[in-house]
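Asks: First to last, the sequence lines map onto chains P and D.
For the first sequence, position 52 matches number 51 in numbering that gives the first Met the number 0, and the numbering has no gaps at all.
For the second sequence, position 178 matches number 177 in numbering that gives the first Met the number 0, and the numbering has no gaps at all.
Derived by calculation from the structure, the hints in this document are not laboratory data.
Honestly, I wouldn't trust all of these hints.
Treat identical chains as interchangeable: a pair holds within one or across any two.
[To be verified] Each computed EDC-like pair below joins lysine to aspartate or glutamate, with the alpha-carbon atoms no more than 20 Å apart:
(1) LYS51 to GLU191
(2) LYS242 to ASP49
(3) LYS51 to GLU83
(4) LYS242 to ASP50
(5) LYS242 to ASP26
(6) LYS242 to GLU174
(7) LYS51 to ASP155
(8) LYS242 to ASP90
(9) LYS242 to ASP16
(10) LYS51 to GLU13
(11) LYS242 to GLU232
(12) LYS242 to GLU83
(13) LYS51 to GLU233
Here are the chains, one letter per residue:
Protein chains: 2
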Amino acid sequence: MVRIAICAPGKRLEREDADAVQALAADDTAIDLQFHPQCFARHGHFAGPDDKRLAALVDCAREPSVDAVWFANGGYGSNRIAAEAVAAIGDAARGKRFLGYSDTGYLLAAFYKAGIGIAAHGPMVGDIHREYGTTAIRRALDWMRGGSEGLEPSLDEQPAAAFNLMTLAMLCGTELMPDLSGHVVMVEEVAEHLYAIDRLFFHITQHLRGIAGLRLGRISDVPENDRPFGASEEEIARFWCAKAAIPYLGRAEIGHDAANMIVPYGVAASAARPYAPAGTTAS
Amino acid sequence: MVRIAICAPGKRLEREDADAVQALAADDTAIDLQFHPQCFARHGHFAGPDDKRLAALVDCAREPSVDAVWFANGGYGSNRIAAEAVAAIGDAARGKRFLGYSDTGYLLAAFYKAGIGIAAHGPMVGDIHREYGTTAIRRALDWMRGGSEGLEPSLDEQPAAAFNLMTLAMLCGTELMPDLSGHVVMVEEVAEHLYAIDRLFFHITQHLRGIAGLRLGRISDVPENDRPFGASEEEIARFWCAKAAIPYLGRAEIGHDAANMIVPYGVAASAARPYAPAGTTAS
Chain P
0 MVRIAICAPG KRLEREDADA VQALAADDTA IDLQFHPQCF ARHGHFAGPD
50 DKRLAALVDC AREPSVDAVW FANGGYGSNR IAAEAVAAIG DAARGKRFLG
100 YSDTGYLLAA FYKAGIGIAA HGPMVGDIHR EYGTTAIRRA LDWMRGGSEG
150 LEPSLDEQPA AAFNLMTLAM LCGTELMPDL SGHVVMVEEV AEHLYAIDRL
200 FFHITQHLRG IAGLRLGRIS DVPENDRPFG ASEEEIARFW CAKAAIPYLG
250 RAEIGHDAAN MIVPYGVAAS AARPYAPAGT TAS
Chain D
0 MVRIAICAPG KRLEREDADA VQALAADDTA IDLQFHPQCF ARHGHFAGPD
50 DKRLAALVDC AREPSVDAVW FANGGYGSNR IAAEAVAAIG DAARGKRFLG
100 YSDTGYLLAA FYKAGIGIAA HGPMVGDIHR EYGTTAIRRA LDWMRGGSEG
150 LEPSLDEQPA AAFNLMTLAM LCGTELMPDL SGHVVMVEEV AEHLYAIDRL
200 FFHITQHLRG IAGLRLGRIS DVPENDRPFG ASEEEIARFW CAKAAIPYLG
250 RAEIGHDAAN MIVPYGVAAS AARPYAPAGT TAS
């Protein structure tokens, strides 16, 4: 039995999304999904105030019977509790898996830096409402059970990490940021203008000197601007990588969509073993 | 006679804006405005390709007969040419004033870091089309002539610097970023959601430890979100400043509007003397 605890470090979870995922997993007697009540709290922009979101996250991460902590949604807000969560979780989550993306990348990064569990960039509960969302949910459940079928196809023996581009830009230089030297770094973005993508690449490439290379995930739902930018998303990535002497390695199968594949932080082969100690994947 | 050269490091200038500013300055025989033809170029998002925008900026900055370089517009793009501009301008712009804000903050920051001229955050040519835009243009012209009437009212003997919040966030940790230890740092923003303001404050406050304090300019045209954020712009600033042990000093008279006051980088009193050597204001 794999026990998966679900909390919402940023945006709240809709009841119908929780019900749909619960229904999808109902046939699988090897999985037990435990939705923390905090998932459905509401406080302005967030799924409850900072202290409530923090407490739920720490509860899930420290609970000995829990094998994996699955983030309900992105949105915004996990950066507000990440440092406190690291301090409160300590050594209590060593073998646990943590899965999410978008805004929850602040937690993945901070946990990877601190050696807390096995962090991975991949589908969240709220993805159930996307087109083909059930495939994303099945991929997530498989990975949390120790499977490797949903891994991003370019992953190999090199350590890797994946981020939403804005999340990575905001992480750079902060106390939450892990050392990504020698890592393949994958980035994806949604609903940002191409000039903003260019600006974010200016920022992150200056902070990522020394990585093994960069892969570009999907850049989706780019808003129409009053004038065309004049370069494609891949030209932007190549331009800034070249300026910072970072190898551009091509595309990555990640994005704000149901085809979002799973990228464990560190060496994926280590994470493919069920509940490998976190220490084997940290840099 | 004060000779002011105008170029567009990011977005192009509209002819009618140039004409309106030229007409406004026509009565003042002590001012000579020289619009570089590059102001009106167009290349995708930008006022010409990078090499053309760079060449115009360097021309203006190095021309011995020019007293001040005035940026036509913000938009996006000055970060793409800033490092190259610093290298190409070298010592040729020692006494010159540089005036702009928004995206041109990359240049102000890089020039301040390099000791190139006297950089200030204040109105640009394109502000003429704003409501009460003529007051902004007159304020800019006065400062470029050595006047001090348009200075931001909180400025005192402490060194200061002002930025668009997004621009400052993207500058943090890059090769363009000056050392702002001991400075009063003022920030303003336009057309960003409050959750994005919060996220940017998370980032900049981690990078600005050691500054004398932070002042909050105007946060304007905040888009409606699907849910209220739950904290005001000033609560956001206070929250993150407290977390990073940065004194929050109150509001600043800067913003994306015609009331945008002038903030010379460094000690304003030094810049108030016409054409003071740049070395007197650099940290």
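Asks: Decide, hint by hint, whether the structure agrees.
Replies: Tested hints:
Taking identical chains as interchangeable, the C-alpha atoms of LYS51 and GLU191 are never at most 20 Å apart, the minima being 30 Å within one chain and 27 Å between chains. Taking the closest pair of Cα atoms, LYS242 and ASP49 come within 20 Å of each other only across two copies (14 Å); inside a single copy the shortest separation is 39 Å, beyond that limit. For a Cα distance limit of 20 Å, the shortest separation of LYS51 from GLU83 inside one copy, 12 Å, qualifies, whereas the shortest one across copies, 48 Å, does not. In this assembly of identical chains, LYS242 and ASP50 lie within 20 Å of each other by CA distance solely across copies; the values are 15 Å between and 42 Å within a copy.
When the C-alpha separation of LYS242 and ASP26 is checked against a cutoff of 20 Å, the pair qualifies neither within a copy, at 52 Å, nor between copies, at 46 Å. Taking identical chains as interchangeable, the C-alpha atoms of LYS242 and GLU174 lie at most 20 Å apart only when they sit on different chains, with a minimum of 12 Å there against 26 Å within one chain. Proximity of LYS51 to ASP155 under the C-alpha cut-off of 20 Å is found in neither arrangement, the shortest distances being 38 Å within a copy and 43 Å between copies. Proximity of LYS242 to ASP90 under the C-alpha cut-off of 20 Å is found in neither arrangement, the shortest distances being 40 Å within a copy and 25 Å between copies.
Proximity of LYS242 and ASP16 under a CA criterion of 20 Å is satisfied in neither setting, with 43 Å inside one chain copy and 35 Å between copies. For the homomeric pair LYS51 and GLU13, the shortest alpha-carbon distance inside one copy (17 Å) is at most 20 Å, but the shortest distance between copies (51 Å) is not. In this assembly of identical chains, the alpha carbons of LYS242 and GLU232 lie at most 20 Å apart only when taken from the same copy (16 Å versus 36 Å across copies). Taking the shortest alpha-carbon separations for LYS242 and GLU83, only the inter-copy value of 12 Å comes in at or below 20 Å, while the best intra-copy value is 36 Å.
In this assembly of identical chains, the alpha carbons of LYS51 and GLU233 never lie at most 20 Å apart, being 40 Å within a copy and 23 Å across copies at closest.
Going down the numbered hints, you'll see the structure goes against 1, 5, 7, 8, 9 and 13, while the others check out.
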